[in-house]
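Trainee: Next come the chains, spelled out residue by residue.
Number of protein chains: 2
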Amino acid sequence: MSEPRNIGFVGLGAMGLPMALNLVKKQFHVRGFDMKPEALAALNHAGGHVAANAAEAAHSADALVLMVVNIAQAESVLFDAGALAALPEAATVILMATCPPNSVAALAKRVEATGRHFIDAPVSGGVVGAQGGTLTIMAAASNEVIEASRSVLVAMGEKLFHVGLEAGQGAMVKTVNQLLCGVHIAAAAEGMALAEKAGIDGQVILDILGGSAASSWMLLNRGPRMVQDEPEVTSAVDIFVKDMSIVMDAGRASKAALPLAAAAHQMFLAASAQGHGLKDDSQVVLTYRDLAGLKKG
Amino acid sequence: MSEPRNIGFVGLGAMGLPMALNLVKKQFHVRGFDMKPEALAALNHAGGHVAANAAEAAHSADALVLMVVNIAQAESVLFDAGALAALPEAATVILMATCPPNSVAALAKRVEATGRHFIDAPVSGGVVGAQGGTLTIMAAASNEVIEASRSVLVAMGEKLFHVGLEAGQGAMVKTVNQLLCGVHIAAAAEGMALAEKAGIDGQVILDILGGSAASSWMLLNRGPRMVQDEPEVTSAVDIFVKDMSIVMDAGRASKAALPLAAAAHQMFLAASAQGHGLKDDSQVVLTYRDLAGLKKG
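Those protein sequences? They're chains A and B, same order as listed.
My numbering numbers the first residue of the first sequence as 210 and each following residue consecutively.
My numbering numbers the first residue of the second sequence as 210 and each following residue consecutively.
These are calculated hints, taken from the structure and not from any lab test.
Worth double-checking, as some hints may not be accurate.
Identical chains blur together in the list; that is why a pair holds if it fits in one copy or across any two.
[Unchecked claim] The calculated lysine-lysine pairs, modelled on DSS-like cross-linking and capped at a C-alpha distance of 27 Å, are:
| # | residue 1 | residue 2 |
| --- | --- | --- |
| 1 | Lys368 | Lys234 |
| 2 | Lys451 | Lys464 |
| 3 | Lys406 | Lys451 |
| 4 | Lys488 | Lys318 |
| 5 | Lys235 | Lys504 |
| 6 | Lys488 | Lys406 |
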């Protein structure tokens, strides 16, 4: 396979746009598509090229990057919108959205049946990582396929991990990442509410446990927003309702019991049911306080 | 209250002995008692004094430190063995063992009813912290009582937090600490087993998630032992069976629902039931692997 030069990019959202711009900066010829005109304008302004639809973005591309919302959108772009048919025979589909592992594996089979290559390559690091090109990429595909697209991947992410040979394994690592993130947020809220019930100040808990063996990245990051009244929304409760659903589906599909993830999922779901779905995910603590008979504030 | 000089110390185990030795180093007159002659010999060798029983250790002490195994031992030392009666009227009982918050509150009432003072002061930091005098101390009592014993406490711990005015609040902070530690170990094992079921190498999970938002102190510390065959035992599964029992009892006593802690507790209990109770607590992963239909190795 020759070095990729032409990149099709579908999904120019909060993550996708800065990722596409990093490809432009690294001298790739990027042709992007999104439903939002302002995203296309931003790509164009930065030196990228605008496609009229997903198929046009794929046309003559060496690699087609998908940074869409979910697996349904990825399938729709590839099959309904004709992007896969428009993509040259030897090209590679790089799916970077967070999707269920078994669905990714099934999608890869359909793509590979047409002769194209497929890389399952979800990311972590958020918008900050997308902007800085410092994302962690969890890639699964054969060595040959990964190596051929290495320059594309490292243009978007600082840490490229080759986690397995089978599509779905990248998605699974991302799934385990979300499992731990979701459980750690819920655990921090559970501990916080228990302490508050005993009349202990939440900030004292953060000061002590943030520096002990009880610490987690999420305790340090979300904990301070658990003791604020109307915290900034960095990621919503409903995102974890969705992500923990992917976690539970992955456990069911691969037959692995996930008792902590199941409990955390129920707490995010209850938080959403209580009207907190669009609040910062730290606000699952409101549901814990409610369960403990505490009123906030 | 005058500056404390004479310290009675009961419970010279893996934590208690080095804590007592740190008091000796700081020029306190320490009279210690333990059931094990070798612990008494070590105290004597380091310049401490040996008591024939708990009451003798308490006799003429300004403060009586209890670093016993559990609340039952603390009660036994104070009431059955006569240490409280032997302790001078104005002296202070400092309970540093990990005990249930409501039991600590009840014990404090009984001690204070005799005119003595009581500090609820559990620690975190383990044997390493005990040896180095770098423990974190979570102390609850009135300002006056804490200040009067400050020199005693800071001789054993680097970070002294005054977490509340009521006995039981120190124990509650320690309880929340254990809640998070236990949930984080179980969550790491849950994620590890899910990844392994998908054919992903455990070390890859640690390399990626240890540097992501999914990280926790426990993932970094216990994770590596989850991918070893016969890891060193730094703290046993059965310790978490006990500590998560304290967590669940605390939730019940204060009426706070703890769904994640409950799930984690069941996993440690199952691990113990399966014969892993004396293994390193990271080995709760064996139970997760078993639940996922994976055989180890």
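Trainee: Hints first: check each against the structure and report whether it holds.
Mentor: Taking the hints in turn, this is what the structure says about them:
With identical chains, the CA atoms of Lys368 and Lys234 are at most 27 Å apart within one copy only, with a shortest distance of 18 Å there and 48 Å across copies. Taking the closest pair of Cα atoms, Lys451 and Lys464 come within 27 Å of each other only inside a single copy of the chain (20 Å); across copies the shortest separation is 30 Å, beyond that limit. In this assembly of identical chains, the alpha carbons of Lys406 and Lys451 lie at most 27 Å apart only when taken from different copies (22 Å versus 30 Å within one copy). For the identical chains of this complex, Lys488 and Lys318 are neighbours neither inside a copy (38 Å) nor across copies (43 Å), given an alpha-carbon limit of 27 Å.
Taking the shortest Cα distances, Lys235 and Lys504 never come within 27 Å of each other, neither inside one copy (52 Å) nor across copies (46 Å). When the C-alpha separation of Lys488 and Lys406 is checked against a cutoff of 27 Å, the pair qualifies only within one copy, where the shortest distance is 23 Å, while the shortest distance between copies is 34 Å.
Of the numbered hints stated above, those contradicted by the structure are hints 4, 5, listed in ascending order.
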